[in-house]
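Could you put together the complete structure from these sequences and hints?
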Amino acid sequence: MANPKESVCEEKVFESAFSTYAETLRNFIYYKCGDTDQADDLVQEAFIKLWNNCAKVPFEKAKSFLYTVINNAFLNEVAHRKVKLRYRQNSSAGITHESPDFILREKEFQQQLEDAIAKLSEKQREVFLLNRIDKKKYYEIAEMLNISVKAVEKRMHAALVSLRKDIEYFK
Amino acid sequence: MEQKYDDTFLARWAAGELTSEELDLFEKSTEYSEYKKIIEGVNRLEAPSFDRQKVLAAIKEGTQGQPTKVRKLIPRITYAAAAAVLLLVGYFYFFDTTTYTTSNGEQITVSLPDGSKVDLNADSQIKYNSRKWENDRSIALVGEAYFDVIPGSTFTVITAEGSVTVLGTQFTVSSRPDYYDVICYEGKVRVDAAKKTGILTKNNALRIQEDSLFNYSVKDVTPGWLTGESSFNNAPIQLVVGELERQFNISVSNKEVLQKQFFTGRFTHTSLDLALKTVFDAMEIRYTFDGNKNVSIQK
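Top to bottom, those sequences are chains S and L. The working numbering applies: residue 1 is where the first sequence begins, and numbers increase by one. The working numbering applies: residue 172 is where the second sequence begins, and numbers increase by one.
A hint or two may mislead.
Have a look at the derived ranges for each label pair, beta carbon to beta carbon [as the list claims (entries may be wrong)]:
1. R88(S) <-> L196(L): 50 to 60 angstroms
2. D222(L) <-> L75(S): 47 to 57 angstroms
3. Y387(L) <-> Y87(S): 44 to 54 angstroms
4. S148(S) <-> T439(L): 42 to 52 angstroms
5. K56(S) <-> K199(L): 53 to 63 angstroms
6. T325(L) <-> S121(S): 53 to 63 angstroms
7. P4(S) <-> L397(L): 39 to 49 angstroms
8. K150(S) <-> K448(L): 52 to 62 angstroms
Calculated pairs, PhoX-like style, for lysine-lysine (alpha carbon to alpha carbon, straight line, at most 20 angstroms) [to be verified]:
9. K207(L) <-> K49(S)
10. K207(L) <-> K165(S)
11. K150(S) <-> K136(S)
Keep in mind that the hints were calculated from the coordinates and are not lab data. Just so it is clear, CB atoms sit at the ideal spot from N, CA and C, and this is done for glycine as well.
So this is what it looks like as structure tokens:
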């Protein structure tokens, strides 16, 4: 990682900021808007803004700059519509020796889970997925969202409660 | 049912932060298996793949042509050295020709008008015409430098031995007495020397040494001297000794007794003692060092 005081005007520092933050930033915005193309565009705009303001932003400030900019851009541009999130299923869930009935039930559960996640409030969803998929710690999420760790934990707790209530499989 | 938990309970559970009593109690509850199933379910999910290269390329396109707001001279060795250079720059500014010179023991980084960067090794000089730069990116070099070129029009490095032409790439040119060396670290460069014209690709290098020409390849991503080491690949010992003099600002006497030997290896810029040992002991050359600025090779 680059020296924290170094200016992001240096191309190497800029690229280091990109490789450190781009993917999480993209997922962060994707969990909000549910559109990969749009998420990529917003990430792109945020980094272009970073470049244009590079003289004012040392490497150590780049992260919070990026999250602030992308959050504002999201609020300004993105209509709050219903999100449809897509995931890659990781194949580690090798359930081969199970009965067809079991496999079907599992598939149903997985679908219900995805639907329930889509129905979470935006605030709960981003916390839940950043923690579970991107493996971000609560304090890291708190930094990104500029809220307290306690607030992140509350959202996480509420997300789990409403997922459980929403999933038909459990009834 | 949820009332028995506080409003961060499940968050702490998911992070593995519950006390063992809390966890024991929770594991006995009916809802435990359901929450566990949710966590396992979400563990099977991954975000859609992210094409870094594509996004980075789009960003670079979006930032093309925009001037960098800050143009800095970064002194690698001392600020004092940079101050001296600035004086020189000021002097040459009146002639539209911008010149940067380093003396022994100095290295500097120079930003060119288009944002390309040059790292100048010790005892080297570059000159370019700042007024014409937009139309004619050409730079005259004496000594050794590493170039990181912003893509755009042709970029030419002119030396006594020949010229190197590139389109956006990273490379070093080293033009020392009886020694001309071009190493390409990224992209492609074209070398036009008196004897030979050729194209170098990534990790390839070309050297003209005592009128003969070699091609060889390198593994480094940037030249060693940028990170406080000088590295050599089968270089004549005279050149290596010359580099010792340049990096440490010492003078070596009795150089004429040096045989025709070749050195492969590197020496550090942080300790003269160590550097002398690395070079001379490896080559089995006996020397004396007065502890100050003078090294004498024993006959």
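The hints, checked one at a time:
1. R88(S) <-> L196(L): 50 to 60 angstroms: Given a distance of about 36 angstroms, which is not inside 50 to 60 angstroms, the answer is violated.
2. D222(L) <-> L75(S): 47 to 57 angstroms: violated (25 angstroms)
3. Y387(L) <-> Y87(S): 44 to 54 angstroms: holds (49 angstroms)
4. S148(S) <-> T439(L): 42 to 52 angstroms: Check passed, 48 angstroms falls within 42 to 52 angstroms.
5. K56(S) <-> K199(L): 53 to 63 angstroms: Roughly 55 angstroms apart at Cβ, these two residues keep to the hinted range, so it holds.
6. T325(L) <-> S121(S): 53 to 63 angstroms: Once the Cβ atoms are compared, 56 angstroms apart, the range 53 to 63 angstroms for S121(S) and T325(L) holds.
7. P4(S) <-> L397(L): 39 to 49 angstroms: violated (21 angstroms)
8. K150(S) <-> K448(L): 52 to 62 angstroms: Between K150(S) and K448(L), where Cβ atoms are some 59 angstroms apart, the hint holds.
9. K207(L) <-> K49(S): Distance ~42 angstroms between K207(L) and K49(S) Cα, so the pair is violated.
10. K207(L) <-> K165(S): Between K207(L) and K165(S) the Cα gap is close to 14 angstroms, so the pair holds against 20 angstroms.
11. K150(S) <-> K136(S): holds (15 angstroms)
When the structure is compared with the earlier hints, violations turn up for hints 1, 2, 7, 9 and for no others.
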